[in-house]
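Q: Each chain is listed here by its residues.
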Amino acid sequence: MSDIRLMQGNEACALGAIHAGVRFYAGYPITPSTEIAEIMAEELPKYGGKFIQMEDEIAGMAAIIGASLTGKKTLTATSGPGFSLKQENIGYAAMAEVPCVVVNVQRGGPSTGLPTSPAQSEIMQSKYGSHGDRGAIVLTPSTVPECFRLAVRSVNLAEKYMTPVILLMDEIVGHMREAIDLEEERKAEVYDRKKPDCGPEDYVAYAPDENGAPVLAPFGAGYRYHVTGLTHDETGFSTMVPEKVERVNRRLVDKIENNKEDIVMWEETCTDDAESVIVAYGGAARAAREAVELLRAEGKKVGLFRPISVWPFPDKALTALAAKVRSVFVTEMNDGQLAGEVKKVIGGKVPVDGLFVMDGEIMTPQEIADGWKGANQ
Amino acid sequence: MKHNIRLTGTGGQGLILAGIILAEAALLEGKNAIQSQSYGPEARGGASKAEVIIADEAIHFPKVQESDYLLAMSEKAYEKYSAGMKDGSVLIIDTTFVEERPNAKAKTTYAIPITKLAIDATGRELTANICALGVMSALGLVGEEALKKAILNRIPKGTEELNMKAFEAGKNAAEA
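One line per chain: the protein sequences are G and B, in this order.
Position 267 (the first sequence) corresponds to 267 in my numbering; numbering is contiguous.
Position 160 (the second sequence) corresponds to 160 in my numbering; numbering is contiguous.
Simulated from the structure, these hints should not be mistaken for lab results.
There may be inaccurate statements among the hints.
What the hints assert, rightly or not - Facing chain B, a subset of chain G residues (Cβ under 10 Å, in silico): (1) GLN8; (2) SER117; (3) ILE172; (4) VAL173; (5) ALA285; (6) ARG286; (7) ALA288; (8) ARG289; (9) ALA291; (10) GLU293; (11) GLU361; (12) THR364.
Claimed, not checked - No farther apart than 30 Å at their CA atoms in a straight line, the calculated lysine-lysine pairs in the DSS-like style are these: (13) G:LYS244 / G:LYS195; (14) G:LYS300 / B:LYS86; (15) B:LYS63 / G:LYS301.
Note that the structure is predicted; figures quoted are calculated from it, not measured.
C-beta atoms are modelled at their ideal positions from N, C-alpha and C, and glycine is treated no differently.
Excised from the complex, chain B in its bound form:
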């Protein structure tokens, strides 16, 4: 078992944090995980990519080559990273920013207005990354409990309720 996950979008959307949380959740379940990232020199607005590999076996090469799961939270990110999807893989697009369209490599596509859902649930756009993790909780990569625990480990104190609302909104949308 080896899952290659790519979380992509724009700098400032919190995708690197989402990647860290996903990897930490996998560790909490006793699996191996590696998280890496690439970003430009900008603090906000540049392309942002976080990668997570979750496996039962040891992971040496730290980068995702072809994704089993691609989350695209910007049109540019979709255009850039959909080419790196594995045939028969899973695609998650945030339809707030990404236009829905057919994708021949996707076995399953989750077209969900992630950022809009997050704003509706919490009034805060910056919870979109946690909402995206809610969507991903429906994919069975890591258990919901571990994910929630990992989220609570990494978010600022006092924002627990807010982030859990965003998480539930994403999860419910994915399971609908």
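Looking at chain G on its own, in the form it has when it is part of the complex:
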């Protein structure tokens, strides 16, 4: 059986989140993410879920953290200006280890920028937008079916590693419509948050499991514990004891970094015999994919490396690829944000060039092909 529909990326994202078990949404609508809120408002009540339109993005972020502490899977969606507002509470969710998913459908910035046009300029903000050190999980889809799939995976990873996960979309994939087979996508596995395996009297909320993540009991279930944005020990109460401070900060980084094998995702196209590789992600990867076809048609042995998790970055996979090729070419809709990480990973072993656009429009396959040729004469 198949159930093929013409669907927007935003709609696929909302349906994916519901499939993953999201039953609470709070947010403030903003272009180009608004359809996600609209669909959640319409669909969630059918599943016994709740939708709240809050007074602003800050409150929307706070509400999903609160709802998540009761054991619900929660989601909010926004774009650039709203994503900036959410940063403080994203940091709170990271510190208090409260799972939730924040969708950012990227538009042009800075500030209110270009409300209806695409950009990819929150690559760094999605990891470093909130102060403090922490491991970050940020996934970025290129197709409408992948919006569904990565929404499911974002929820699963949030629940497994007890952390906010950013689903970093862009206006291109958010608004375009293409075919999705819902029947097929709805076979995706769903991960449910762990519950304490001891009684309330033996419960230590922030004692890490084998992944380094705490097992937080749903509030109201009889388990008493303290939740704070202050640096805390395993009981949840604040501490300034250096060893304890180091332990929790280290764990917030390590629970992601030590589980990279489980988290990282990427896709390679035409890389088997490639002598050069183009790195692109999200909506822009669609242009890069056709650029590879254009260059191949001219006999250039070019492949495509598409990070799906931009954070953690698939560094091992790119390092392995870099050992086989003569050059790397990054293209993205910003001033080279991920190119910086690519250069860090490549470590000067091969030249890294790029095409970076900030004009509110997706680069064309020909522009990428021409840029690649200019860099690989």
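Go by the hints and put chain B onto chain G.
A: Here is chain B on its own, set in the frame of chain G:
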């Protein structure tokens, strides 16, 4: 086979919906289709552009670069988007709003008063987008049955008859 289609006009004319219907009709026929759009912050009155790519093969780049088919439903849209036509392509203008003139890139031009036809057939200007799809049904991009089915999937209940009238008016004008 790859058709690049651009539907252009003014915000509020329903061109994005027309694009969605066209893409959905192509899916119903087992083809690949991608629909995308661009518009300004205004709800009405700004420039509006919907793009549809229909192909047998996989479609990666989602935007139309040069159009094989251009529908222009406002003078401004014609001025802006006629430059992006492929040589030897098809041009459809709504002469209710667009002045008819020679176009060197057009192999075929359909100069049809689409909005006027829609008003005459249904009394409702907002059926002009469906009338435009009627015109496009004569181009052989997608079958008439699939198009009609896709229209019925996407319009409000109770407006079926109205929209079919607008569709037929467009189709008859294009085939005349």
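Q: Work down the list of hints and note, for each, if the structure agrees.
A: To see whether the hints hold, each was checked on the structure:
no.	hint	in the structure
1	GLN8	holds, 9 Å
2	SER117	holds, 8 Å
3	ILE172	holds, 6 Å
4	VAL173	holds, 9 Å
5	ALA285	holds, 8 Å
6	ARG286	holds, 5 Å
7	ALA288	holds, 9 Å
8	ARG289	holds, 4 Å
9	ALA291	holds, 9 Å
10	GLU293	holds, 8 Å
11	GLU361	holds, 8 Å
12	THR364	holds, 6 Å
13	G:LYS244 / G:LYS195	holds, 24 Å
14	G:LYS300 / B:LYS86	holds, 27 Å
15	B:LYS63 / G:LYS301	holds, 25 Å
Checked against the numbered hints given earlier, this structure breaks none of them.
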